[in-house]
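Given chain A, work out where chain B should sit, using these hints.
Protein sequences appear in the order of chains A and B. Residue numbers for the first sequence follow numbering that gives the first Met the number 0, so the first one is 0 and each next one is one higher. Residue numbers for the second sequence follow numbering that gives the first Met the number 0, so the first one is 0 and each next one is one higher.
Treat the hints loosely; a few may be bogus.
[Stated by the list, open to error] Not close to chain A: a few residues of chain B, all C-beta gaps over 12 Å, as computed:
#1 Pro186
#2 Asp345
#3 Pro374
[Claimed, not checked] For each label pair, taking beta carbons as the anchor points, the in silico distance ranges come out as:
#4 Pro78/A - Val284/B: 22 to 30 Å
#5 Ser277/A - Leu193/B: 53 to 61 Å
#6 Gln173/B - Asp222/A: 50 to 58 Å
#7 Gly182/B - Asp122/A: 40 to 48 Å
#8 Ala126/A - Gln173/B: 36 to 44 Å
#9 Asp263/A - Val284/B: 26 to 34 Å
#10 Pro78/A - Pro204/B: 46 to 54 Å
What the hints contain is simulated information worked out from the structure, not anything from laboratory work. Here a beta-carbon is modelled for each residue, glycine too, at the ideal position from N, C-alpha and C.
Residues per chain are reported as follows:
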Amino acid sequence: MLSRTAEGLFWLGRSMERADNVARFLEAGQRLHAMSGKSHLPGSEWAAILIAAGCRSTFPGDLETASAQDAIRHLVLDPDNPSSIMSCFANARANARAQRGAISAETWAAANDAWREGRALLDRDCAPRYLSSTLERMRRFTALFRGAVSATMLNDERLSFLRLGELIERADATARLLDVKYHVLMPDAHPIGSGMDQLQWDNLLRASGTRTAYRWVYHKPVDSRLVIDFLLLNTRTPRSFLYCVESAAQELEYLHAGGAAGRDSLDQVLAMRDDLQSIGVDGIIDYGLHEYLTTLVIRSNTLALSIGTDFGFQPIIIGEAETQVQ
Amino acid sequence: MFNEMSKSGALRPEYEQIQTWVETDGVASLLQRREEAEALFRKVGITFAVYGEGGDPERLIPFDMIPRIFSADEWSVLERGTIQRSRALNAFLADIYGAQKILDAGLIPRDLVLDNPAFEKEMIGVEPPGGVWSHICGIDVVRTGPEDFLVLEDNCRTPSGVSYMLESREVMMQMFPSLFSDGAIRPVDTYPDLLADAMSALAPPRCDGPPTLAILTPGSFNSAYYEHSFLADRMGVELVEGQDLYCENGHVWMRTIRGPEKVDVIYRRIDDAFLDPEVFNPDSVLGVPGLMDVYRTGGVTLVNAPGTGVADDKAIYIYVPDMIRFYLGEEPILKNVPTYRCELPDERDYVLANLSELVVKEVQGSGGYGMLIGPKSTPEEQAEFAQKIRETPDNYIAQPTLALSTAPILTDDGLVPRHVDLRPFVITGAEPRLVPGGLTRVAMREGSLVVNSSQGGGVKDTWVLDTGPDTRQEMPDA
Numbered sequence: 000m001l002s003r004t005a006e007g008l009f010w011l012g013r014s015m016e017r018a019d020n021v022a023r024f025l026e027a028g029q030r031l032h033a034m035s036g037k038s039h040l041p042g043s044e045w046a047a048i049l050i051a052a053g054c055r056s057t058f059p060g061d062l063e064t065a066s067a068q069d070a071i072r073h074l075v076l077d078p079d080n081p082s083s084i085m086s087c088f089a090n091a092r093a094n095a096r097a098q099r100g101a102i103s104a105e106t107w108a109a110a111n112d113a114w115r116e117g118r119a120l121l122d123r124d125c126a127p128r129y130l131s132s133t134l135e136r137m138r139r140f141t142a143l144f145r146g147a148v149s150a151t152m153l154n155d156e157r158l159s160f161l162r163l164g165e166l167i168e169r170a171d172a173t174a175r176l177l178d179v180k181y182h183v184l185m186p187d188a189h190p191i192g193s194g195m196d197q198l199q200w201d202n203l204l205r206a207s208g209t210r211t212a213y214r215w216v217y218h219k220p221v222d223s224r225l226v227i228d229f230l231l232l233n234t235r236t237p238r239s240f241l242y243c244v245e246s247a248a249q250e251l252e253y254l255h256a257g258g259a260a261g262r263d264s265l266d267q268v269l270a271m272r273d274d275l276q277s278i279g280v281d282g283i284i285d286y287g288l289h290e291y292l293t294t295l296v297i298r299s300n301t302l303a304l305s306i307g308t309d310f311g312f313q314p315i316i317i318g319e320a321e322t323q324v325q
Numbered sequence: 000m001f002n003e004m005s006k007s008g009a010l011r012p013e014y015e016q017i018q019t020w021v022e023t024d025g026v027a028s029l030l031q032r033r034e035e036a037e038a039l040f041r042k043v044g045i046t047f048a049v050y051g052e053g054g055d056p057e058r059l060i061p062f063d064m065i066p067r068i069f070s071a072d073e074w075s076v077l078e079r080g081t082i083q084r085s086r087a088l089n090a091f092l093a094d095i096y097g098a099q100k101i102l103d104a105g106l107i108p109r110d111l112v113l114d115n116p117a118f119e120k121e122m123i124g125v126e127p128p129g130g131v132w133s134h135i136c137g138i139d140v141v142r143t144g145p146e147d148f149l150v151l152e153d154n155c156r157t158p159s160g161v162s163y164m165l166e167s168r169e170v171m172m173q174m175f176p177s178l179f180s181d182g183a184i185r186p187v188d189t190y191p192d193l194l195a196d197a198m199s200a201l202a203p204p205r206c207d208g209p210p211t212l213a214i215l216t217p218g219s220f221n222s223a224y225y226e227h228s229f230l231a232d233r234m235g236v237e238l239v240e241g242q243d244l245y246c247e248n249g250h251v252w253m254r255t256i257r258g259p260e261k262v263d264v265i266y267r268r269i270d271d272a273f274l275d276p277e278v279f280n281p282d283s284v285l286g287v288p289g290l291m292d293v294y295r296t297g298g299v300t301l302v303n304a305p306g307t308g309v310a311d312d313k314a315i316y317i318y319v320p321d322m323i324r325f326y327l328g329e330e331p332i333l334k335n336v337p338t339y340r341c342e343l344p345d346e347r348d349y350v351l352a353n354l355s356e357l358v359v360k361e362v363q364g365s366g367g368y369g370m371l372i373g374p375k376s377t378p379e380e381q382a383e384f385a386q387k388i389r390e391t392p393d394n395y396i397a398q399p400t401l402a403l404s405t406a407p408i409l410t411d412d413g414l415v416p417r418h419v420d421l422r423p424f425v426i427t428g429a430e431p432r433l434v435p436g437g438l439t440r441v442a443m444r445e446g447s448l449v450v451n452s453s454q455g456g457g458v459k460d461t462w463v464l465d466t467g468p469d470t471r472q473e474m475p476d477a
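Extracted from the complex, chain A is given alone in its bound form (with noise of 0.2 Å):
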């Protein structure tokens, strides 16, 4: 398969991915945004949205002041957002264009009405009262791909590749999800434990779709640890970043098993598994969460910058990754 091919493919994966996890920090917007009430700074909440999907460069204006609707805008179908959910199904279908060749023609056919559905969203389609509906639809699309690829695409190294665009992404995603929290906490207001922190981590849940898996995991209430146990360490959620990380060491292994230029990528993706197999909850909080969670945003990024070395990509210029989540 031709590199250019392998990097196409992967990118394909990964703006998919982002499409959907752009949705999900935006449904969890929304619900902090209801849950907070008057007393906070109008706005906050959006600022550690638009933190978490990346797009503390690309946003016009003042973070902090951010109005629900112009953060919306910015993150459903502002062009000029590499990150935007519009953005990426351009991008997406940009990229299965060019690979058509390479993809089944469902999958084809579903970044393609992707594509089309994106290009049509109005200022309108994000107005609190719409968004709902709207982010809705789009998350239609991101299923709908993810069911084409799974249905219908032959399992060798073209599906690996975009396999591993979708996992390094919704890894690094969960990682900025759970950053979120960090962000509005305000542990003056409502201490670790009250009932404001629990909604919030509540919130973490719905918005990566596995309160219920929680539940069922754990058969107690939402609890902090708990959760960042869940969404970073457990191994049977397709959303937590171990999940993640150890199906992307498959992938890598299955590709190198057939020869590369380097093997870089496989070792950085071993010894991630490795550490976050041994490290447990507590290790974690005593690293310090926001901390952690920065190591491991990093580290994801390096291991994709590796994976497309050891394979040929064309080389990446770092800028809009954003290696930090601050």
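Relative to the frame of chain A, chain B by itself:
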């Protein structure tokens, strides 16, 4: 004006099935299904790009559901005629880059060939594998009467449009399978296999073992990109861009996830000027540095060969019948459209005096741009062209306005006639072959003679019947 659906006022037997179909299903319900057809085209992504006009750059070519039909006898003429023409054009290319016998014989003016901008001096003395230069040759044919097929122009460089031929058929078969149930319509889906076979048959001298094939595209923003990826997909070969290839140790290599892999035969869909920045346009980022060197030393086969453009030049076109006689010793099966060269004083005077009746074309123009259609033009436009012709006469040719045949299209008013042309594709590997079908382009506007997709033309499925119903009916008398 010849209407292909009728013969001396009566419905031609080839179109009986169509007439019945339209009557049974009804115009309104068929028109509704046209949207379904367009949705299918858009779904698979068959769009072409029009930039610089604002709006959505990804346009859909209008598709008309009424197929254009050729009887087996009609097709036999076209098949022999286009293959004959393609053989002569290939012989001409081998000759002018080799011994130049036709120039020595004085049949074609030497300067018209050697000073032609499409004549590649880099190709002098090169002998491509199998002596084939234009492996894929699109011969544009128009019709003016039941027996009158004329060649409008030859396309020897990198003719496009074959994906429309294949997809039009696929859409028709998907939507109206019953039309195909009696097996009388010859299939076109062998095209990708024929092309792959032709490429494999012409492996370069320094290739041992089965050759690796690839299609070289300028990239996904090229207006014909869909076609490039479609063919790569159907042929099961890699679709490469210039950045994927490099030359080393006398071979061309592609960058893969496992490291370099040798490529032996490249169907390139980028123009000569961009092929190799070391030899042609130095600013090209689409091509591959060193490619020509590898090509000339037998490390790779290029399909089509560089320098083939000189054979489809509108000024050279005039001499194709002479080429057929000179190289093949045969009479041309398909005629040329009478053509006046404005460069010659007598012919120029005639053209200038009769602008309102002629079609004037730029010698280097394509896509229906830079032309004057006399009968449809205003006196101002004619004056403007007269001025241009006087300034650079060698840049223009003129042809009589042809009474192009019509084929029926489906409109709100039922079946109405519109002008059509045809581009069949001759593929030459071990030997020349014509796929039974082609790209039928149709002028969707009433009375219009311009069928180019960039100017609102549409496409139709093109049927070639296995044995025409008229043959069957006439058999008892024979």
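Checked hints:
Pro186/B, annotated as away from the interface, keeps every beta carbon of chain A farther than 12 Å; the closest lies near 20 Å. Every C-beta of chain A lies more than 12 Å from that of Asp345/B, the closest at about 52 Å, which supports listing it as non-interface. The beta carbon of Pro374/B is kept farther than 12 Å from every beta carbon of chain A, the shortest such distance being approximately 42 Å. For the hinted restraint 22 to 30 Å between Pro78/A and Val284/B, the CB-CB distance of approximately 26 Å keeps it satisfied.
Checked against the hint of 53 to 61 Å, the C-beta distance between Ser277/A and Leu193/B comes to roughly 60 Å, which is consistent with it. For the hinted restraint 50 to 58 Å between Gln173/B and Asp222/A, the CB-CB distance of approximately 56 Å keeps it satisfied. Take Gly182/B and Asp122/A: their Cβ atoms lie about 55 Å apart, and the range 40 to 48 Å is violated. Between Ala126/A and Gln173/B the CB atoms are about 40 Å apart, so this pair conforms to the stated range of 36 to 44 Å.
Distance hint check for Asp263/A and Val284/B: the Cβ-Cβ separation is about 29 Å, which falls inside the suggested range of 26 to 34 Å. Judged by the Cβ atoms, the range 46 to 54 Å given for Pro78/A and Pro204/B holds: they are separated by roughly 52 Å.
Against the hints set out earlier in the document, a violation occurs for number 7 only.
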